[in-house]
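Student: This is what each chain is made of:
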Amino acid sequence: MTEKQKELLRNLVPIFTLLALVLGIAAFEPGFLKPANLVTVTADTMTLFLMASGATFVIMLGSIDLSIQAIASMTSCILAALLPMFGGTALLIALAGGATAGVLSGLVVNYFRIPSFVATLAIGGIMTSVAFWASNERSIYISDEDKSTWLNWATGTSVGIDHEVVVGLVVLATLSAILSLTRFGRLVRAVGSQERAVVASGINVNRIKFFAFVISGLMAGLAGIVMAARLGSGSPTLASEFLLPAIACIIVGGTAITGGVGSIWKTFVGALIIAVVRIGMTFVGITVLAQQIVFGLVLVIAVAMTIDRTKVSVVK
Amino acid sequence: DDMTLAISMRSLSNPYHATFARGGEEFAKSVGLPFEVLVTEGNSEKGLADIRALIARTGGNVCINVDPNDSPDAATIVEEAEGAGAYVVTQWNKPDDLHPWDHNPNYVAHMSFSGVGTSKEITNALIDAMGGEGGIVAIGGILSNVPAIERKLGMEQAVADTDGKVQILDFQPADWNETKAFEIMQAWLTRYGDEIKGVWAANDSMGIGALEALRQEGKAGSVPVTGIDGTEAALSAIEAGEMAGTVAWDPMWTGGMGLSLCHAAATGAIDVAAEPHEHREFYGTGIVVTPANIADFRTRDASFDYNDYWAKSTGQIQYQ
Amino acid sequence: MESINWRALAPIGVFFLLCIVIAIFSPNFLSVSNAVRILNASAIPVVLVMGATFVILMGSIDLSVEGIVALCAVVTASLVLNDTFSANLGFWAIPFAVLAGGIIGAANGATHVFLKVPSFMVTLGIGFVCLGIATAALGGFPVRISDRGFRALTLGRTLGLPNGIWLAAAAVFVAYVIQERTRLGRYVYAIGTDEITARQSGVPVERTRILVFVLAGFFSGLAGVMAAAQLGQGHALIASGRLFTTITAVVVGGTALSGGVGSVLNSVVGVLIVIVLTNGMVLMGVPPFVQQGVQGFLIIVAVTLALDRRQLLVVK
Amino acid sequence: MQPLLELRKVTKEFPGVRALDSVDLHVDRREVVGLIGENGAGKSTLVKILAGIHRIDSGSMLFDGSPASFRSPRDAFNHGLTMVFQEQSIIPTLTVAENIFLGREQEFLRFGVIDKRAMNAAAEVELAKVHLDCNPATKCASLDFAARQMVEIAKALSLDGRIDSDIVILLDEPTSVLERQEIDLLFEIIKELKAKASIIFISHRLDEVLQVSDRVYVLRDGAVVHETASTEATITGLHEHMVGRQLDHEYYRENKQRELFGESVLSVRNLTIEGEFRNLSFDLAEGQILGIAGVVGSGRESFARCLGGLLPPSNGEILVDGKPVRLNQPHQAVLAGFGFVPSERKSEGIVTGLSVSENMTLAAGDRFSRFGFIKFEQERTECQRWIDRLRIRTPSTKTPMQSLSGGNQQKVVLSKWQIFGSKVAVLDHPTRGIDVGAKEDVYELIREMADQGVAIILLGDTLEEVIGLSNSILVLKDGEVSAKFQAPVGAKPDQIELISKMV
Ligand SMILES: Nc1ncnc2c1ncn2[C@@H]1O[C@H](COP(=O)(O)OP(=O)(O)OP(=O)(O)O)[C@@H](O)[C@H]1O
Ligand SMILES: Nc1ncnc2c1ncn2[C@@H]1O[C@H](COP(=O)(O)OP(=O)(O)OP(=O)(O)O)[C@@H](O)[C@H]1O
Ligand SMILES: [Mg+2]
Ligand SMILES: [Mg+2]
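Chains as they are written, first to last, in our numbering: chain H, 1 to 316; chain A, 1 to 320; chain D, 1 to 316; chain L, 1 to 503.
Chain H on its own, in the form it takes in the complex (with noise of 0.2 angstroms):
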């Protein structure tokens, strides 16, 4: 087998250990397969790939964002809040919302030089305050009419599809673009794998980790706005504990946590796996007292299968 050969296979691991996943959840309940299953269960993944979607870039600069889950809560307020007065204008408000807070994240990394670790986890409290003000510390529901006319490309159904697995698919067009057809996305890569080479070489390194938060804000306050039109609500706990696996998702993918190495299919096959673990686990109908242990090993099972070791000189 020549190299390229095996770096191909090497890619493709992640979609195997999808594969085998979903069959073995088959050979249980062969229900799980059915056309419409299979829908459903992606459709309920894209909250969680939206949200790992953009974080991804900023986990391939070799940083991290713990703020997701907070904007992502943030913005569903915002969204609720905003549809009765402002109708569309509302899903540009709660987006905007989502952007400015990686625009902080961004210049809290850049000018104040703090590790993105305590920044982001900073921002997250501010944006959690932030919602808990824009929803008066409630739930707010969204009503069935505003949810028709303003959210249906988010939750609506189009040919048996799920629009969210739409949504989902055009985020991972539009990103993975932008990271493997861009100077953009290939500087994100240069930072992650070796910053200071990327700074002598006269880049404004600041400004490429400046964007990467932004995107990961957005794709956040995207996957609030898609939640809360699922749900059709806003509230300051929406995304409670997706941090976690979104992250999750990203390294399952088989992107490297330290860095430079990475794409946002492989986040979409990282997503898709926890999913199919998680409902698979319901459908095999494993007892709820053992979900959580079954979860763990097989989220570090996974990913000893999925990651690429030949990128990586040291497992940290």
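FYI, nobody ran anything at the bench for these hints, they're computed from the structure.
Do not rely on the hints blindly, as some may be mistaken.
To be verified - Cross-link-like lysine to any residue pairs, in silico, SDA-like; alpha carbons within 20 angstroms at most:
1) L:Lys139 to D:Gly285
2) L:Lys375 to H:Ser176
3) L:Lys139 to D:Leu184
4) L:Lys116 to D:Leu184
5) L:Lys346 to L:Ser403
6) A:Lys29 to H:Gly285
7) A:Lys219 to D:Leu39
8) A:Lys29 to H:Thr287
9) H:Lys6 to L:Pro395
10) L:Lys477 to L:Glu179
11) L:Lys116 to D:Val177
12) A:Lys219 to D:Ser146
13) L:Lys194 to L:Glu6
14) L:Lys398 to H:Leu181
15) L:Lys375 to H:Leu181
16) H:Lys4 to L:Arg380
17) H:Lys34 to A:Gly59
18) H:Lys4 to L:Val177
19) L:Lys477 to L:Val177
20) A:Lys180 to D:Gly285
21) D:Lys116 to H:Leu12
22) A:Lys219 to D:Gly156
23) H:Lys147 to A:Asp96
24) H:Lys6 to L:Phe14
25) L:Lys194 to L:Val125
Chains A, D and L with the ligands: place on chain H using the hints.
Tutor: Here is chains A, D and L with the ligands on its own, set in the frame of chain H:
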């Protein structure tokens, strides 16, 4: 195929929900049907995805007794159930404008407890234990959580009724978390010291956290603490004279009866469409337990009949 | 002799500055009894950061903190006189619980090293497994400790200070000696700075990595014992919220997540800063809904002032 | 006589490369063996096998007549073999003493705890061997590059006296970061060591190799192609064996040196960085090559980094084409027209995770993109052109940068600024650690750049290099200009003259 019975709730790692699940299991045993537990882990999306997966797997031949992670989730869950012909009963959380009678027959009922009312009662018990006056500190649940909001409201109403004899020194949310309550209580001891005559907590875990912070300072038992939920820890603390009260919800009943009702609707034992509203949205009985009645509470007959659906109902749910 | 590195003392300065600011709002803050309360509230986090610092100095991360603490608290509560099981080992429960922590740590380390899976995922997965075991073992109910003598471990006082503080102090002493005076401590810095070079110099990298996770497990186990004694019970949620406090404290103290730079003493200051911040929110009467925001803001300020960022060539 | 160390038909393969191909080699007791070869010839691989880092695929290794195979660096050390690595292998966050004894702390353990005093005392002894005067308790981060290298050598020498058997010290390019004085010192040490140890010495500077070793092996493509006693070898002869062709008589391409320059491009006025250098002033014209000479600590490295935008100046003025420019950030320097080739190639020169072409267009990316989208075809063509022109040995433009040898990596770094079109190239040790053949290519390239009108500032790897390439030379001493020399072809200043101004 056999109909599947299921319970969906936040997690198995707290006594309230663990008992809730046990109630469901008991009922399932009594009718000899397969039983399953789903947990949301505090994540609405996961809760929904699991319910969808269960409905897909059973082809809709399922009864689910759900304690939704957040009220809006109820609407989506009901929608899913309707679409697939599954039956659901919801607990605690639902939007005010979502009603079972608008979704016959799949949305069987909503069961809850009067958050404001019971909270008012337990606060009065606290005020009594304080001797009717003085400052209290109050620990709330997650700010935006519906039960947390209701309980806080009830507490505030009870305090307002004292015409200023009792003041709320401070209110802080501890997100239902024991350790957070412990730390907040410590800070309060610095800030207010002996001004604190009573501690109100929106659930027992946080009450116990506050109690342990008091114990650290040798003040356990000298400052009354109340909680809500009726956990074993709180009941023992009441017996030990360290807590002034709690509210027992009877999760065995909500777990078992919720499924029973759901099962009855699914099997046609009752025609939900024909039932009055007070049988579709009703409060259960929350018992305020204090040192005065703890002995009676311990010896009460807690058993109930699965076919006497509304015996423990205390009336139709009221919206503020 | 080298001159004193004043920059290194900055975190302590920030700590005092914070104290002064809080004292302006709440004069009671500067009382002896409050100082004792703050130290007492810091006891468990301090024990936790002792382990976490070593892991982070090595460039890895330990996300299993909450799981290990919870499981060890359950083990402790089950082994002393309690309301659920018949054991009554008294203080002999401590070595068992700490050992349990060490064993889980060993599982973390061994999986990380032998399967070459990033510590982020291993510890995340194993953390889930621990929480799952703690939940499944008890079916969701707490084990309540009825052994008053055992609870003196944290409730009792020696020389006027709660025993928990003494335990934490002992943990700091042990950790400091390990860091400064043992091969393990030196190897941690070597690996965190440059693993390849360390390996070429004959440092047993694999063994060191595993040992560090074992050590972190021991400290988490001890923290579990202390949590059980402090709250008088053990259950799966007893440690919730501890993870981010722990890592934030380590980073606020100035230890770099990329490894090689930092110290356990820094982390002690980091814990004090984080605890005083939380405590200060209540003392200053900050409205609940903005607390997280204010806290986030203050963390950014504190880290800006405290971190010697010149040491970090790149900020990730 | 039985050799101390012997390799028989040793072969070692890495994925896709045969690094060592049936190598026979022996080292006698108390002998210094020189090892030379082009980049990627297999020198490091060979010594890494001896140091216990790599395992051989086939063949055998004999130590003191009996078969040996070292499982780890520690194992090799216990058998009396130790190595100074080509890439610096000092841990900057540890102290000097801790570095010297890293991995071998047992002898200082008292009840499991390290006796720091004893360790520092022992380190003093080792430091004295390399005449390095520093406190063993200081962190290595605060030492300069050369001092770190001496610490590393001290680390290797600590074997001496700690082991009963014969010892072998493996030196992989130990001199590439050292200055003349330190090199002389190192050679003194080697001579002393010869009384009790055997040494393998690797360097790309053939004169050094001949000066210090008794016997020389030449490796090419993983195979030993020549073996000779040093006394019988000549530099040109060795070079021929190494690269398979004759050494160019015009090593520094002096025939291509320009004497007429274009417009003045760069003016530096009273440039100062506190604590590094003061009041530097000079003018540089298109096509002119300015060499900067000076010992370590003279401020020349900081000066180069200053022009690269990596160290902001504290005072003074820099004018490009007559206009003042700010150099507080590298991207400002690049915009102003500077192209900086750093001396630390691995950490600052190349981005290992990117491919060859991605590295080449890293700075000039704007030219190869439209609306942010990369014009892949155009990029590939352009990069291929440079690969051909500079004879960069790489399978394709897409090859990952880390699989190129050092010399080829360096060519990529140089081409990066050519493609960008820098007006002023600042070359900090552009030939550090690259082989003679590659060096010639780099010299050729520097001449070409000058021809095209690029003004060049050169910090050479050796003094000869500076003299050979430059049009004029600035000598720095203690942060100030101590002399200025003109260096036209035929009237080059000699080394002695320069050195006298340097120290
Ligand atoms: N760790 C490795 N993995 C894969 N290939 C390697 C590795 N180390 C060396 N090689 C290959 O082995 C060959 C010999 O490399 P080696 O490092 O021994 O060269 P060298 O003679 O030391 O070169 P230089 O003068 O550049 O230091 C190279 O062509 C390289 O491709
Ligand atoms: N991990 C690796 N994978 C593939 N090739 C490698 C690897 N490590 C080193 N090499 C190859 O080994 C050879 C020499 O590597 P080494 O690191 O010694 O080079 P260098 O120091 O950059 O070169 P120079 O001697 O010119 O300074 C190069 O050809 C390099 O490509
Ligand atoms: Mg080499
Ligand atoms: Mg080399």
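Student: Work down the list of hints and note, for each, if the structure agrees.
Tutor: Evaluated hints:
| no. | hint | verdict |
| --- | --- | --- |
| 1 | L:Lys139 to D:Gly285 | violated (46 angstroms) |
| 2 | L:Lys375 to H:Ser176 | holds (16 angstroms) |
| 3 | L:Lys139 to D:Leu184 | holds (18 angstroms) |
| 4 | L:Lys116 to D:Leu184 | holds (14 angstroms) |
| 5 | L:Lys346 to L:Ser403 | holds (12 angstroms) |
| 6 | A:Lys29 to H:Gly285 | holds (18 angstroms) |
| 7 | A:Lys219 to D:Leu39 | holds (19 angstroms) |
| 8 | A:Lys29 to H:Thr287 | holds (16 angstroms) |
| 9 | H:Lys6 to L:Pro395 | holds (17 angstroms) |
| 10 | L:Lys477 to L:Glu179 | holds (14 angstroms) |
| 11 | L:Lys116 to D:Val177 | holds (12 angstroms) |
| 12 | A:Lys219 to D:Ser146 | holds (18 angstroms) |
| 13 | L:Lys194 to L:Glu6 | holds (18 angstroms) |
| 14 | L:Lys398 to H:Leu181 | holds (15 angstroms) |
| 15 | L:Lys375 to H:Leu181 | holds (9 angstroms) |
| 16 | H:Lys4 to L:Arg380 | holds (18 angstroms) |
| 17 | H:Lys34 to A:Gly59 | holds (12 angstroms) |
| 18 | H:Lys4 to L:Val177 | violated (37 angstroms) |
| 19 | L:Lys477 to L:Val177 | holds (19 angstroms) |
| 20 | A:Lys180 to D:Gly285 | holds (16 angstroms) |
| 21 | D:Lys116 to H:Leu12 | holds (19 angstroms) |
| 22 | A:Lys219 to D:Gly156 | holds (14 angstroms) |
| 23 | H:Lys147 to A:Asp96 | holds (17 angstroms) |
| 24 | H:Lys6 to L:Phe14 | holds (15 angstroms) |
| 25 | L:Lys194 to L:Val125 | holds (19 angstroms) |
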